[in-house]
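There are 4 protein chains.
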Amino acid sequence: MAELADLRITRLGEPRYDSPLAAFVAGRRTNEHYVSEDDRVLYHDTVSDLDGRAPDPHSWPSFEPGGPRRRLFFAPTRTKVGIVTCGGLCPGLNDVIRAIVMELALHYGIGEATGFRNGYLGLTPAGPDPVRLTPEVVHHINQHGGTMLGTSRGSQDAEVMVDRLVELGIDILFVIGGDGSMRGASKVVAEVARRGLEIAVIGVPKTIDNDIPFIGQSFGFVTAFSRAAQSISVAMVEAQAAVGGVGLVKLMGRHSGFIACYAALANHEADFVLIPEVPFALDGPNGLLNCLHQRVKERGSAVVVVAEGAGQDLLELSGATDESGNARFADIGVHLRDSITRYFAEQGSALTLKYVEPSYAIRSVRPDPHDAVYCLRLAQSAVHAGMAGRTDMVVGRRHNRFIHVPISLVISERYSVAPDGDLWMAVLEQTAQPVDMTL
Amino acid sequence: MAELADLRITRLGEPRYDSPLAAFVAGRRTNEHYVSEDDRVLYHDTVSDLDGRAPDPHSWPSFEPGGPRRRLFFAPTRTKVGIVTCGGLCPGLNDVIRAIVMELALHYGIGEATGFRNGYLGLTPAGPDPVRLTPEVVHHINQHGGTMLGTSRGSQDAEVMVDRLVELGIDILFVIGGDGSMRGASKVVAEVARRGLEIAVIGVPKTIDNDIPFIGQSFGFVTAFSRAAQSISVAMVEAQAAVGGVGLVKLMGRHSGFIACYAALANHEADFVLIPEVPFALDGPNGLLNCLHQRVKERGSAVVVVAEGAGQDLLELSGATDESGNARFADIGVHLRDSITRYFAEQGSALTLKYVEPSYAIRSVRPDPHDAVYCLRLAQSAVHAGMAGRTDMVVGRRHNRFIHVPISLVISERYSVAPDGDLWMAVLEQTAQPVDMTL
Amino acid sequence: MAELADLRITRLGEPRYDSPLAAFVAGRRTNEHYVSEDDRVLYHDTVSDLDGRAPDPHSWPSFEPGGPRRRLFFAPTRTKVGIVTCGGLCPGLNDVIRAIVMELALHYGIGEATGFRNGYLGLTPAGPDPVRLTPEVVHHINQHGGTMLGTSRGSQDAEVMVDRLVELGIDILFVIGGDGSMRGASKVVAEVARRGLEIAVIGVPKTIDNDIPFIGQSFGFVTAFSRAAQSISVAMVEAQAAVGGVGLVKLMGRHSGFIACYAALANHEADFVLIPEVPFALDGPNGLLNCLHQRVKERGSAVVVVAEGAGQDLLELSGATDESGNARFADIGVHLRDSITRYFAEQGSALTLKYVEPSYAIRSVRPDPHDAVYCLRLAQSAVHAGMAGRTDMVVGRRHNRFIHVPISLVISERYSVAPDGDLWMAVLEQTAQPVDMTL
Amino acid sequence: MAELADLRITRLGEPRYDSPLAAFVAGRRTNEHYVSEDDRVLYHDTVSDLDGRAPDPHSWPSFEPGGPRRRLFFAPTRTKVGIVTCGGLCPGLNDVIRAIVMELALHYGIGEATGFRNGYLGLTPAGPDPVRLTPEVVHHINQHGGTMLGTSRGSQDAEVMVDRLVELGIDILFVIGGDGSMRGASKVVAEVARRGLEIAVIGVPKTIDNDIPFIGQSFGFVTAFSRAAQSISVAMVEAQAAVGGVGLVKLMGRHSGFIACYAALANHEADFVLIPEVPFALDGPNGLLNCLHQRVKERGSAVVVVAEGAGQDLLELSGATDESGNARFADIGVHLRDSITRYFAEQGSALTLKYVEPSYAIRSVRPDPHDAVYCLRLAQSAVHAGMAGRTDMVVGRRHNRFIHVPISLVISERYSVAPDGDLWMAVLEQTAQPVDMTL
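Residue numbers (the UniProt record's numbering), protein chains in the order written: chain A, 1 to 439; chain B, 1 to 439; chain C, 1 to 439; chain D, 1 to 439.
Please note that the accuracy of each hint is not assured.
[Stated by the list, open to error] The following label-pair restraints were derived from C-beta to C-beta distances:
id, chain 1, residue 1, chain 2, residue 2, range
1, C, 196, B, 347, 36 to 46 Å
2, A, 32, B, 112, 33 to 43 Å
3, D, 400, C, 345, 43 to 53 Å
4, D, 143, B, 168, 24 to 34 Å
5, A, 438, B, 112, 48 to 58 Å
6, C, 345, B, 168, 54 to 64 Å
7, D, 169, B, 112, 34 to 44 Å
[As the list claims (entries may be wrong)] Residues from chain A that keep clear of chain C, each with C-beta distances beyond 10 Å, as calculated:
id, residue
8, 27
9, 51
10, 359
[As the list claims (entries may be wrong)] Output of the computed footprint for chain D on chain C, the stretches with three or more beta carbons under 8 Å from beta carbons of chain D:
id, region
11, 28–39
12, 81–94
13, 123–136
14, 261–267
15, 278–287
No lab work stands behind these hints: they were computed from the structure.
Every residue gets a Cβ at the ideal spot worked out from N, C-alpha and C, and that includes glycine.
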């Protein structure tokens, strides 16, 4: 569990400049809508969590709040900023890029930034040339999905990347990426420290699966499950129109079933939700096959929603030879499709199975307004943190408070659906599927 | 400020029955995704809030958590439930109705509920007959905006309504409505208590303006500001195409400017946001008219977003004779339209003003998936609270925790945009409008 | 009725250059998907229309087909082209601009065009400077509503405009605008002819009301009625939730009720549709007020859709003094609202009237895919016509064939809903409103 | 080519009853919006088509117009009607069902119809029981995708089905289905005739691929290509963000490439469109692989849209052994994916290929407003035809006229994209792909 020491944010040094926003924040006090820069946001939020702790709240685990500071480490108007987007697409990447550039220009007098293209590749000599990002260039990019900077997967050598930052005189690097990219950012931070440079690295965590811990919800997630819910509707409509109709929807979620859970709740129509965090069996009285068969008999059709990381234990048992001779390629969607088909045939029951896999349609769209607001505010927070000389951290919003979280912490574990939490309970209440499908 | 005593929830009596969900929740402990029914959710969340308090967290202000209980006050399968929707439309009303009925049926074995029609009117002899709500009846209603029960404004005599509840044998009444309706619910509670009846009254707070305190965000709000953001886009497109184009968008928000703020942030294109919480002047160097005129000169066009409750002081000065001779009917949208038109004419500047007022288009739609999930979970929470014998309370989700809040508290004040909070700061950062427009 | 002579298209002169598309169209013959440039499209399409005509089809009224020609009047790569958008916004303006620029560049080797800003104003010295339109500039504009060139209403002096065209060396001017703009284009053509210049003027007819004759459906119309249908849904949802609910929707359509008719058919939920082409009474047994009152009594609520130009005779009778003392400002929507309110009060019936007027929300959006395709193909057609040296004409698609129509013809009359046509019949079938509401 | 005799519609007998709509249509004459029931709609529409024909237009190929008749064969109020939906889903099925039921009830006094479930299966003893269709039952079904009657593929024995019709006393059977279903309908007609029964069979042609001839555009097609265009956007966004990005989109279209063409035109972003009607090579200078490789080198990314029926000749060469050992299962999408991957590897070029296959997402949605109107009017037309005693025909709208077409004709051939027509030309103009990709 995180303790106070784990939640400390690294600072490049003492602040050196007055912020153009100083007058703006002067005299503000913590209230329901604001946390003073001198205050901290508690990690815990229940009586039982705090019961028995030492009496001084300052000793309790707590986060540094986000937001503008009265004093800055980097000079307004003169600071050089780089931005890079890494990993898979996620709704909101362009919104974050745009908002960083706009915030720098409007409030810190920094009229342009350097956009590194195609992820960390753009920070190497082999990569594409960077682009100049000005308010004019980014003005409309939020109206498009994807990322105007392009992206790529994988990391690059930290020394090479720091060489490039030094060469271009970059003071602050904003990394928009997932846990892999944050590991890469962490290495850049270490190399920067090793050389004794004053370069800040601020992360904006991106994960369409919502599997990054300590930051509340990740940007783009609401948009993603909203689109995923449409796919469940597609499957339901197809299933209901068919004789013995079964809709099978495979959604993103290698390690965390958030998209599957939220999409199923939004849609109200999934009969079974299968996620990586909760094991299930195919066979047995409570196994998927028997329950699904029963549901189709009772209602004429049924919909199964499965996260791509669910039931991996089932694949280890059967995957190697059945589909492709290669366990790495085992696919729970295909495995379920084949298993259901076989079972219904064995039972002599009619089956019309429709397999829906929305994949890219979920992540390439522009964000819904809710996520658009969140991207904007995250990016504003990131700029404030960078200008104040924070580094080795990401911005997040937890329990409605914008906070700073050390990179080390967000890459230390995964956020996942708690089998005994209220989200999974809501799913069970909604689907009425067996609580334990392994029996 | 709320203290512990204010946050106590009334119980009709000791629980008398095992819950069908008992095994389900047994042994669960508080974690990031769950709060045990024996635990409480802290009201405060920063170090400064708790610094200097008595050391025992049990003495601090805290909320009862929502969720299923191991023991119930009302008998599963035999409890009679009523549902009523009151006041103006809001996205998600049908979702809440549906989820209450489904939760009762699936988990408490209560196969039907009584739907009172057209708000509290339906609880009087003069009102329309109630309808029978079963899973079949409500199955698809979430796919439509509005409320299948109809609604009406205004309260009715509490004695008459309690007579009706008694006549129909209702054990739990779910009231989905705004602060006015919650005042009505409060009177029903008092009358129930006066007669010594065992009828629970549980509120699901509804306010499209998001102006109910202590409950976090209200259902339908995300959908509402998403639609409102579309209207800002409409105004922007019109303004940009015209010579001296000004888009003026009047949005909901009598007392709280949340919709205006969030819609403006989502859209990124408002130049000025005017809300009830922050005064502004028309005249003067920082007044709207001069600033707007300048903005149009610089950029060719501009967009003004105004909440309907903004600038009421301006209307008191000028409204009475100009528009309709009646201060009650003064309309800030019309007033701004006329003032801008006059000012641009005085300055000899071209003006093409487009006035957009989306009104009903924002509130009559079905909820976006994010709100759909929230409605579902709020409704599940409400059912759990009712079955456990709670009364005189509403359900809410604050800082991501489902909680119970006394009705007295939610009608004690309004939730509004803090002029020194981070939301308004984000708006100022985004629009770059003057911090103080009264100078 | 149009005769052959009326349908002749003016040519600037004999073609002088081979088209880069020559090989492409060589050898094509008229078929279901193509009309040869040597063929013509018949105006008439029924046996009765042609019965009794002279036997030679060449003598019958017929249109010149659209499409690429083997030979051109203007030189590929060297021709200078201007584009102007005039009048109110309409979905698809940016699509047409984009497609003209792309077609010129990709197929005629003309890499840029001159964009005149803010309508005909941009063709005068007082107007804004023109912009350079290249494939890069226009690449994404179709993703936005409005027009990147801006627009304005009203015409300008033809001599001044031709001076400007000559000054800039423009060979072909594409005018995207409504009937007023086409009258302006006509004057430019006359002035060009008077001076003996070789400047082609090609119109792309724009009318959100679909009231331009001979061209089939106008671009953006499908998008417009689709949005209008949403407003009818809004009104219906509001009406159904209220006690004595009446939804009143005022839609565009000064002279033609197409938007009202199609939106009502799309929506299936209007109870009464009122259009300029079909008179109706308020009073009397078949008058709107009595019928509406009956409908609300029977069904609990009702929706009235009214085109802004409907019932003008009613306003002439009552408008002058009742609303604003000025007949020009009489507003059928407001008049109906007041009349309905008065009538229900007189009858002692409950009424909750919701007045919805979507206005700009309908016209400022980007086009639906159907209209996007149509805009693209219209623009391609316009470019082919211009390069071939046609002038004083507009492009259209009638009965699925792209055709050329003289400007004189499209401004000679309005296209409107025929009271004895099948569209109005479908509306009557759908609404079951009285066939004659004046009785 | 169709001649007059081919276009004659079968009548069950002389009309026997006055239509309730008689007064409504009396005295109407053919005009731009209406064709009199005594008139006919010409098949041909160009001068060259009619040049040299016998002078009497009555002898030319022409269609019987749709619409209400003054006299009916079947008795209003007493006629029994059946409805069945067959084959794959298509946007608008529920709209057609709803409109048939509403038209029967509102205008012919026939308050209910029999809905046969799961296609022709529902017309056999083995099938599910039929459902009663009343205005109440169908009132909201148009708000949902799919078909409330369910569907199935394949035909059933005509004798068995006619037995069932006789058993239930059905007078008119409306068949909503594709060419296979129309063949089935044809057999029912033959069996009805063999027995000398007076049962009318009216088809409403359904084909999401738009491949049914003589009927203009099929319902749901506009909605389908609109959704397909979204998938192209998805592919484009993914491709543009990647290093060596190629988006590959497989769309419906076994025999006709209409969806691929229209979606590509709507989207403006496809670089290559491959359809069944136009052969292409993978290799060679104009082959897909070289052209695609070039395009990616020039622009950084490219999008390929392929209809599922395209390039089947390529699969015959390579399919049998490569993918699954079974030529029937060869899949052009997978084949292209593999071929592109191999080619880029051979060239040593970076490639990030994203394969998008929207499948069910296109066909399970509710129709866009344009299609909703069309479904409504087609259904009204079908009811009029049935009540007038027509049989063995389908309704359609060709060149904006509602017409009757013999079933024999619509199953005689397929409608497809003409390689020398203007649609394909527009695609070539838009994509700038080689005119002949086999060179």
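For each hint, the structure was consulted:
1. Separated by about 45 Å at the C-beta atoms, residue 196 (chain C) and residue 347 (chain B) satisfy the suggested range of 36 to 46 Å.
2. The hinted range of 33 to 43 Å is satisfied by residue 32 (chain A) and residue 112 (chain B), whose Cβ atoms lie roughly 41 Å apart.
3. Taking 43 to 53 Å as the suggested C-beta distance range, the pair residue 400 (chain D) and residue 345 (chain C) conforms, at roughly 45 Å.
4. Taking the beta carbon of each, residue 143 (chain D) and residue 168 (chain B) are about 32 Å apart, inside 24 to 34 Å as hinted.
5. A hinted range of 48 to 58 Å for the beta carbons of residue 438 (chain A) and residue 112 (chain B) is inconsistent with their spacing of about 34 Å.
6. Remark: the range hint 54 to 64 Å for residue 345 (chain C) to residue 168 (chain B) is contradicted by a beta-carbon distance near 34 Å.
7. For the pair residue 169 (chain D) and residue 112 (chain B), the beta carbons lie near 37 Å from each other, so the given range of 34 to 44 Å is met.
8. No Cβ of chain C comes within 10 Å of the Cβ of residue 27 (chain A); the nearest lies about 42 Å off, and the non-interface call holds.
9. Once the 10 Å rule is applied to beta carbons, residue 51 (chain A) is consistent with being away from chain C; the minimum gap is 47 Å.
10. Residue 359 (chain A), annotated as away from the interface, keeps every beta carbon of chain C farther than 10 Å; the closest lies near 22 Å.
11. Given a C-beta distance limit of less than 8 Å, the hint that chain D covers the region 28–39 of chain C holds, as 11 residues qualify and 3 suffice.
12. Only residues whose C-beta sits within less than 8 Å of a C-beta in chain D count toward coverage, and the region 81–94 of chain C has 0 of them, not enough to reach three; the restraint is violated.
13. For a cut-off of 8 Å, the count of residues in the region 123–136 of chain C with a CB near a CB of chain D stands at 0, and the three-residue condition is violated.
14. Only when three residues or more bring their CB closer than 8 Å to a CB of chain D does the claim for the region 261–267 of chain C stand; here the count is 5, and the claim holds.
15. Residues of the region 278–287 of chain C lying with their CB closer than 8 Å to a CB of chain D number 0, which falls below the three-residue condition for coverage.
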